[in-house]
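Asks: Start from the sequences and build out the full structure, keeping to the hints where you can.
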Amino acid sequence: MAHYRSVGQIPPKRHTQFRTPEGALHREELMGEEGFSSDSSLLYHLGVPSGIVASEVWDLPDHATTANHPLKPRHLRLPSLFADTDPSATDLVTGRRLVLGNGDVRISYVVGSAPSPLYRNAIGDECVFIEAGSGTVETVFGALSFRTGDYVIIPRATTHRWLPDASTGSTGGVRAYAIESNSHVAPPKRYLSRYGQLLEHAPYCERDLHGPETPLLVEGIDVEVLVKHRGSGANGIVGSRMTYDTHPFDVVGWDGCLYPYTFNVSDYEPITGRVHQPPPVHQVFEGQNFVVCNFVPRKVDYHPLAIPVPYYHSNVDSDEVMFYVDGDYEARKGSGIDKGSISLHPGGYAHGPQPSAIEASLGVEAFDELAVMVDTFRPLELGEGGLAAEDDAYAWSWAGRRLDS
1 MAHYRSVGQI PPKRHTQFRT PEGALHREEL MGEEGFSSDS SLLYHLGVPS
51 GIVASEVWDL PDHATTANHP LKPRHLRLPS LFADTDPSAT DLVTGRRLVL
101 GNGDVRISYV VGSAPSPLYR NAIGDECVFI EAGSGTVETV FGALSFRTGD
151 YVIIPRATTH RWLPDASTGS TGGVRAYAIE SNSHVAPPKR YLSRYGQLLE
201 HAPYCERDLH GPETPLLVEG IDVEVLVKHR GSGANGIVGS RMTYDTHPFD
251 VVGWDGCLYP YTFNVSDYEP ITGRVHQPPP VHQVFEGQNF VVCNFVPRKV
301 DYHPLAIPVP YYHSNVDSDE VMFYVDGDYE ARKGSGIDKG SISLHPGGYA
351 HGPQPSAIEA SLGVEAFDEL AVMVDTFRPL ELGEGGLAAE DDAYAWSWAG
401 RRLDS
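Terminal number for the sequence shown in full-length UniProt numbering: 405, no gaps in between.
Treat the hints with care, since some could be wrong.
Stated by the list, open to error - Listed below are the simulated DSBU-like cross-link pairs for lysine-lysine, each with C-alpha atoms no more than 30 Å apart in a straight line: (1) Lys299 to Lys189; (2) Lys339 to Lys299; (3) Lys339 to Lys72.
Said to hold, decoys possible - Derived DEER-like restraints, expressed as beta-carbon distance ranges: (4) Asp62 to Val316: 29 to 37 Å; (5) Gln9 to Tyr312: 39 to 47 Å; (6) Ala89 to Asp62: 15 to 23 Å.
For the record, the hints were derived by calculation from the structure and aren't laboratory data. Owing to the predicted nature of the structure, the values given are computational and were not obtained by experimental measurement. A virtual CB, placed ideally from N, CA and C, is assigned to each residue, including glycine.
Replies: Below, the structure is given as structure tokens:
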């Protein structure tokens with residue numbers, strides 16, 4: 001996010017001596033994207049950020065995927081994955097269950113209230129949507145509070161941990177929808193000036209983005225960090241347990257344009273029109289070969305002959321994943337879709353509203369719905385969580401019957 005911030009203590013000029021009150025040099029770390037050619041930040045540590053004393057294998061949760069073959073639309077009931085799980089025994093990192101994935105992005109779901117271990121995703125940025133719950137994400141840049149409806153954007157290789165509020169243990173845990181990229185996640189380019197400022201036609205602005213305000217400045221020795229990185233495991237992903245000589249959060253200050261931040265979906269201003277608007281007007285973020293959109297409560301089409309629900313459409317270049325968060329999703333009435341559901345409508349398949357939903361939508365002035373959509377430009381496969389949560393009747397719901405039943 002090319003929006004400059006300065007937090008804590010930093011020297012007046014970069015790459016110069018910066019000493020503690022006792023006279024020791026702070027250790028300067030550049031965290032930057034695309035080999036010194038894109039956004040970066042400079043962090044000032046008390047210890048040596050590269051000082052490790054041990055590295056062992058971290059056995060990751062199941063990252064294997066199964067092709068969507070034979071091709072069909074899918075309905076996945078995510079709440080069923082944690083229906084019999086104690087949230088106090090699950091954290092928001094190691095408890096994730098892979099739902100869908102390809103070579104560009106992986107979508108996981110987790111419900112938990114336990115503190116997570118320190119964690120670093122060295123494969124790509126993470127965009128985590130908080131379906132319900134609150135807490136704090138502690139990071140090497142400082143702490144971020146999160147709440148229901150937040151997108152939490154964590155840049156690649158940011159050491160962090162999730163600390164749900166204590167109250168979430170008695171309310172079913174934090175429910176998190178994790179979009180893990182193999183690339184960087186940022187606002188769509190069409191919303192940005194050539195210098196990176198969000199433009200007037202964008203549905204949100206810099207005031208809506210919330211980054212760390214102060215350093216954490218945690219000290220300690222022999223600190224373990226779980227690292228997800230590239231390798232020869234399932235889908236080219238492996239894990240390591242790296243033990244650091246000093247705590248990664250020993251940062252007294254930093255500045256730059258690369259850092260984690262939150263954006264709450266309630267701050268997204270929907271774009272509407274006289275007739276039905278296509279999905280790109282709902283876009284909030286993009287990564288390499290995928291986009292993230294959100295459908296929020298809004299007034300709908302106001303042409304006198306408007307049909308508010310979507311028209312049938314063929315995804316000739318993409319797979320469409322919709323996560324139904326809240327409200328009453330008009331186009332899916334009668335399909336079995338409910339809060340916490342995912343629908344997967346793959347490329348090569350024409351989809352749209354349930355037949356009865358079209359007439360029912362006529363004359364409706366507003367939709368009370370909240371959904372997060374991910375469109376990918378390579379086919380998605382099903383993870384173990386997706387296979388475990390499938391509603392096998394969904395594919396036949398438009399026709400109302402199944403030929404081989």
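Asks: Honestly, do Gln9 and Tyr312 meet the 39 to 47 Å range at C-beta?
Replies: violated, 58 Å
Asks: Under the criterion that the straight-line Cα-Cα distance not exceed 30 Å, is the pair Lys299, Lys189 satisfied?
Replies: holds, 26 Å
Asks: Confirm or reject the claim that Asp62 and Val316 have a C-beta distance inside 29 to 37 Å.
Replies: holds, 31 Å
Asks: Check whether the Cα positions of Lys339 and Lys72 lie no farther apart than 30 Å.
Replies: holds, 22 Å
Asks: Between Ala89 and Asp62, is the Cβ distance one that fits in 15 to 23 Å?
Replies: holds, 18 Å
Asks: Can the restraint linking Lys339 and Lys299 be considered satisfied, given a maximum Cα separation of 30 Å?
Replies: holds, 21 Å
When the structure is compared with the earlier hints, a violation turns up for hint 5 alone.
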